[in-house]
Every structure is written in structure tokens, then in C-alpha cells.
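Chemist: The task is simple: from the sequences and hints, build the whole structure.
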Amino acid sequence: MDNWASHANPLLPHGETTHASSVDLLFLGLVASSILVLVLLFFLLFRFAIHYRAGNTNADRDHRIRKSWRLETAWTVATLVAFLALFVWGARLYLNLYDVPGDAQPIYVVAKQWMWKVQHPGGQREINELHIPINQSVRLIMSSQDVIHSFFIPAFRVKHDVLPGTSEEIWFDPRKAGVFHLFCAEYCGTDHSRMTGRIVVMQQPEFETWLARQDVNGTLASQGASLFRQLGCSGCHGNGSKVRAPALEGLYGSRVSLSDGTMEIADERFIRDSILKPRAKIAAGYQALMPAYEGKISEDEVVKIIAYVKSLGGEMGVPQ
Amino acid sequence: MKNAPNYLTEDNSLRSWLFTTDHKRVAILYFVGITLFFFVGGAAATLIRLELIEPQGHLVTSDTYNRLFTMHGIIMVWFFLIPSIPSTLGNFVVPLMIGARDLAFPRLNLTSWYLFMVGGATTLYAIFRGGIDTGWTFYTPFSTMYSNSHVVLAITGVFIAGFSSILTGLNFIVTIHRLRAPGLTWYRLPLFLWSLYATSVILVLATPVLAMTLLLVGLDRVFGIGIFDPARGGDPLLFQHLFWFYSHPAVYIMILPGMGVVSELVACYSRKEVFGYKFVAWSAVAIAGIGFFVWGHHMFVSGQSPFAALVFSFMSFVVAVPSAIKVFNWTATMHKGRIRYDAPMLYALAFIGLFTIGGLTGLFLACLAYDVYVTDTYFVVAHFHYIMVGGMVTAYFGGLHYWWPKITGRLYPEYWARAAAILIFFGFNMTFFPQFILGVLGMPRRYHIYPPEFQIWHVMSSTGASILAVAYALPLFYLGWSLFFGQRASANPWHTTGLEWQTPSPPPKHNFETTPVVKRKPYDFTIKGKPRAQNA
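Residue numbers (my numbering), protein chains in the order written: chain W, 1 to 320; chain G, 1 to 536.
Worth double-checking, as some hints may not be accurate.
Derived CB-CB ranges, DEER-like [what the hints assert, rightly or not]:
#1 W:64 <-> G:56: 56 to 64 Å
#2 W:289 <-> G:307: 30 to 38 Å
#3 G:305 <-> W:279: 22 to 30 Å
#4 G:480 <-> W:73: 45 to 53 Å
What the hints contain is simulated information worked out from the structure, not anything from laboratory work.
Cβ atoms here follow ideal geometry from the backbone N, Cα and C, with glycine treated the same way.
Modeler: Shown next as C-alpha cells:
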């Protein structure tokens, strides 16, 4: 179990994810250009240091370079061009991190001092572990219950801060089965260094078996459905309600017109904000009647209700 | 001249020291202050390195460990690095270099020392009361709502010390504008003064933002105003923007003066004018200016918009260009020089090497996709120690040795000084290079316990740290020895240019008998034996 694949050969790409391979290539590019600069600079430094030492009276010190602007312009422009190339390379890869594949499996992560709580759409829960299948893109929807944490999987070369009061996303496509480190990378108090865990990448059939073996109290969406009734949400948002509240069927992924004239895509973060701070974004044509649930329900419960709302259908995916 | 009183012998009562307005004496007071804080911060670092020798963290508890790295960071950043070169060497030589009798506001100068010491004492008091565990970055909402430590006391100390920074910056700006000797035009200024000028601009413009930010943290913590609390409509990221808006320019407060010192040293010991003087001068100003627009590179994984990240990444590459220009020009200065290897030159060469490595690894961090991987790992720790310690502290020691004869009137023992410089160089690399490897392997920073596979690199780093600790203690002894037994220094022991060398060592109370008149460029070594300035 302690066979950390990330440790095998750290300096060469070995492709735990597509992104990891690209980042390792970028690393080699950065190292190569740095070594080039260092070799050139140290060669000159050492050569000048030795040849022009005060004791060497034979050194030719005539015809010192006086007009310097040509040299200055040359090395300034050369530096700028090289930097620009590195900037573009790094930026393109970075933007990939925001380009989530449409078929990525959503998994919910809640961070708190000092543990990671994971909830799968099927209702499976784990703590400080994340089991995922190989060759399937995974999208983590992450929020924090207290301070800022950071979800860091070194082997996948990805990291993202997890904030209170909002949700952040990260995605990856594991290409190799194995067990990898999960670290909290943002200092979060006493047991920050114990807020670690394992990412377990399994073959598809094994993953199915693992999912089936877990004790499940209904899918995340069905747990959300009962919360939806318990908390009284269905009183207004349910069918046949007397109060005029926006219908939630087909909401997920659709474009919502807001009362301030703007449009927003109803993604997880939108649904979450609408539950916790409903008055911030009022759907056009509706009144600001809904009470805020901020501080009244836990992060785990928010996640379940989001899963339920998503299960009511929408443009972004099939109901689960 | 031999028996004429100098600034040290003029009046030796304690009262005359504590109420002095002589910039040279204030500089000595600062030396005492920052040396004290350097060893306090160093003691914390020693415990951290001892602790990390083994992965299970048996030496201290997690809470203690967190307090140690917080204290190390706060003390070293605000009570050593930021005042280090400007307030000590700068305070001493700025008026001498421009041919003035003192800084523009001598009493303000003493005030800033007192503010600095009161701030430092407040922070030390917070440490003795049980410390603070937020990290030197005070990230919210941890610092405002969750930390059970002396946050308010510690930030009060930093808040007070901030005013000392602002006053010093203000004093330098006015002094350099108003008190230059006749004939000392801007392009005749030594490059150290260009650097300090650029530094002062940052001190004056950025430090107030730190003060406001810390004030908001204090208000949020004590009165719960909720500005950084999402549950009350606040935003924890707002804190990061405000904090780094100060703290990234603060990095240049910490390195620009070092660059200035190195320009002086390379010119003096190569016996050559600094190559591309105007480019080196303006690159300091460019760094100070562009440095205000890169703060977001501390937040590439924090949830800021990817478009903001693109802009900040680009600007971070741009700000590296003037630094590269400086390195190229120092190297070119040595070309066809007549190079002597006194200890200050060894420090200058060490600076160029270490700063270049620090700068190049800075590009790794400016590069978006790579930063996502190594931010908040030991790679960052190694990178900024190469800049701050490998760069700034090395330059500080270089400058200290260079101006030591002027400050004390005594020569330091050359062989001891060279040995210490070399030992510092090797100890430093052995301490911090393994930390780059730890970062590339994915080891997060601020970890009290860690997976055993990282241990070998930590052991290497700690071994280097013990060498470094000895190396940093050495100057304390041989410089201390030289104060009493060192050979007496002439006015210009390095046979160099610069007005500070045209007056006796140590200088008389009012620096110059008569105001010097400057007739030539700085670093003009072409005319042998002729002083650069002639008295009017």
C-alpha cells in the first residue's frame, strides 16, 4: 500500500495524468533554459574572474567596450523573447485546467480542520481517501467549512485552494492505477501537516466493486431529496406550490436571467450561492422571498441538495 | 587630523547615544537592533531545521512548530531583512556618499529607530506570551477567526515597525533630492543611492497598504466586522490581494538595496566603472515600478480569475528582465577589470551566483502551469531563501565588510573574512538546494510531520544549516575582535572613488570639514591617485 507511484522517478514525466505529462515537459523546458543561462553566465564570470585578476599583469585591458547600448538592447530583447515563450507555454497549460471535459464525473469534497470529506454521487462517503477509476475524467467540487485549505495531488501536478463561502473546482484524468499522496497545501492551523490522505486510482471493474461494497444510505441526490422536503424547500419550489418560486426542473446548466438584467449559467456554484445567499442573485420576475440558508445547513447538506437539484435534469448532464 | 574627535569619540555617554540625531550613530543603533533580531530569527530557524531531521516530529509539538516558523518569518522579514541594508549601511553612508552633513530629517531618523524597536519589542512580547501561529502571511479567515494565538499583539508590532519603514523611506527620498553636494548630478550618483531611492519609493507607497490590511485584520478579530468573513458577506481573498499588494513590492524592498551594494563592490574591486551605468540605475527604478503589478502571482491557485492570472504571470516575467540586465552588467563590469578578491568581492560574486539561481527559479514560479504544481511547496521556500538570504543577506555582509573600516575606523581580519564568506556560500547552498528538490518532489511547506521518503533531503538541508549557523556566527567574533584589536584604517583603504572615502575613518561628527564639490562620474578609476572630488 505504501507504493507511492509519485516517488518512482520524480524528474522524468511518467504520466499519471495527461496534464502531469505536459507539466513535466514544461519543467524540463524550464530546467534546460535555466542551465543554458547558468552555463553561459558562470563561464563568463569564471573566465573574467581568473583572466582579469589583479595579479595577471599580462591580460589585455585596452580597448574596453565603451558604447554599451547595442549590447544592452541585445540582451534585453533576447531575455524578453525567451521569457515570452515560457509565459505562453505555461499559460496554455494553465488554461487547460479550466477546460473541464463534459463527461467528467462530479465528486464533492468538503474540507475542514483537519480532514477531507468526500461524497460520491452514488452516496458513498470517505474521509481522507479518494477512490477513482482509471481513464475517467473526474471533477472535484470543493468547499471548506472553516479556513482556507488547498487540495494538492503531487503526482497529478494539480493543486487548488478550497475556500469557505464558495466552491472551487479541479479536474484530472488518471492514466495509471496506483496510490498517490493527497496533501493540504495551504497552512490551516495545528494539524495542517496531518491533513493528508490517499488518492486510490483503480481499474474500472475494481472501482465498481469498491463502490458496491460501501454502505450507502441512498444516492447523494436521494439524500438531497429528503433534505429538500425536511428543510421546507419543496413548500415553495415543489410542484403545485402556492408560492411563486422558480421551478428547479431542467435548471442545471441552463442560462438564468437575473432581476438585475444579467444572465448566469446555473452551475454548481450558482445553485450553491442561491441556497446560501438567495438574495444576491434573484431570478428575473421573482420576488426576494427565500430566506438565506448560510450558517443554517452544513457543507455536507449543501452538497446533497445540489446533487438533488442537478438530478432534476438540465442541459449539463443526465439525471443521476 | 589624527587626534581630532570623530563621531564615535565625540561624546560617549549613554544619553548622547540614545538621543543622538547623528545618522551614523542611528545606524549603529540599528546595527545593534537588527543583529539582535537576526539571531532571534536564526534561533527559530535552527529549531525548525533540528525538528525536520526526522519525519515524525518528536522534538516539538505541532503547535510549537507552527509558532516557530511564524516567528522566524515575521522577525526575519520585518525586523531584519526590510531594515537590514537601508537602515544600517544606508543610514550610515547616504549622507557621506552625497557630501551632506546628515539626513534631511535627523530627528525623524531617530524616531524611526524608536518605532522600530517598540514594534520589535511588541512582537517579541507576543512571542514570550505564547507566540502566534498564523504564518508570517496572516491569511484570513484563519488569523481573524480561528487562530488561538497572539495575533493582535504580533500584528501591532509589525504595524508600528511599518511607520519606521515609511519614515526612513521619506527621509532618504528628501535627502537624495535636496542634499546632494554641488556637482553631484543624478547620473553622478553611486548606484547604491539609485537602489536606495527606488527602495524608498516602495517603502513610502506600499507600507501604508500593509498598515491598513493589518488594521482590518485586527478589527475583524477583535470586533468581528467581518470584512474577510464570507459568512458575513466578506471575502478572504480580499485579504490576500491587500497583503500581497504590499508584500510582493516588499520583496524588492529586501533585494534592491542588496543589488545597490553589489554594484558598488563589483566596481570597486574590478577597478572599473559599472558597465551600462544608466541601464543599471534605471533597472532599479523599473523593478520598483513594475513590482507593484505582480502581486497576483502569489494567488494562481487561490481562485482568482484565470484572466487575472495571465496578466500577473506576464508581468512577473517582465519584472525579471531588469534583474537580468543587472546581472549581465555586473558580469560585463568585470571584463578587462583589475580584479582583487577581498572578502567584500567574494560576497559580491556569491550574490551574483545565488541571486541568479533565485531569479531563474522565480521564472518557474511565474510560469502558470508549473506554479500550480510547486506553489506552497519547498520549491517556493528554496526560491525566496536564494533571493532573501543568498541575495540580500550576502550583500549585507559584503557591504558590512566593505564599509566596516569607514564605520569603525578599523580593518577587519581579511583571512577570517574570506573564510567566513566561503563557508557561508557552501553552507547556504547545502541548506537550500535540497529544498528545491523537495519542492519538485511535491513536499508541501509548513509541514511539521512529513512522509518518510522526503527525509534524506531534509537531513541534507539540516546539515547545511548547521554549517550556515557557524558561518553566520563567525563575523560576530572576528568583527567584534577587530573593534578593539583591528589595524587602524586609513580614510580610503580600498583606494576607491566615492565621497564617503574622502573623509577620515571614522568620519568626524559632521562628516566633512568642508562641503565637497563633485566634478566627475562615479567609479572613475582612470586617473590614478587623484581624488574624485576636490574640496571647494
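Chemist: For each hint, tell me whether it holds in the structure or not.
Modeler: Hint by hint, here is what the structure shows:
For the hinted restraint 56 to 64 Å between residue 64 (chain W) and residue 56 (chain G), the CB-CB distance of approximately 60 Å keeps it satisfied. Checking the proposed 30 to 38 Å range against residue 289 (chain W) and residue 307 (chain G) shows it holds: the Cβ atoms sit about 35 Å from each other. A hinted range of 22 to 30 Å for the beta carbons of residue 305 (chain G) and residue 279 (chain W) is consistent with their spacing of about 24 Å. Checked against the hint of 45 to 53 Å, the pair residue 480 (chain G) and residue 73 (chain W) passes, with Cβ atoms roughly 48 Å apart.
Hint violations for this structure: none, all hints satisfied.
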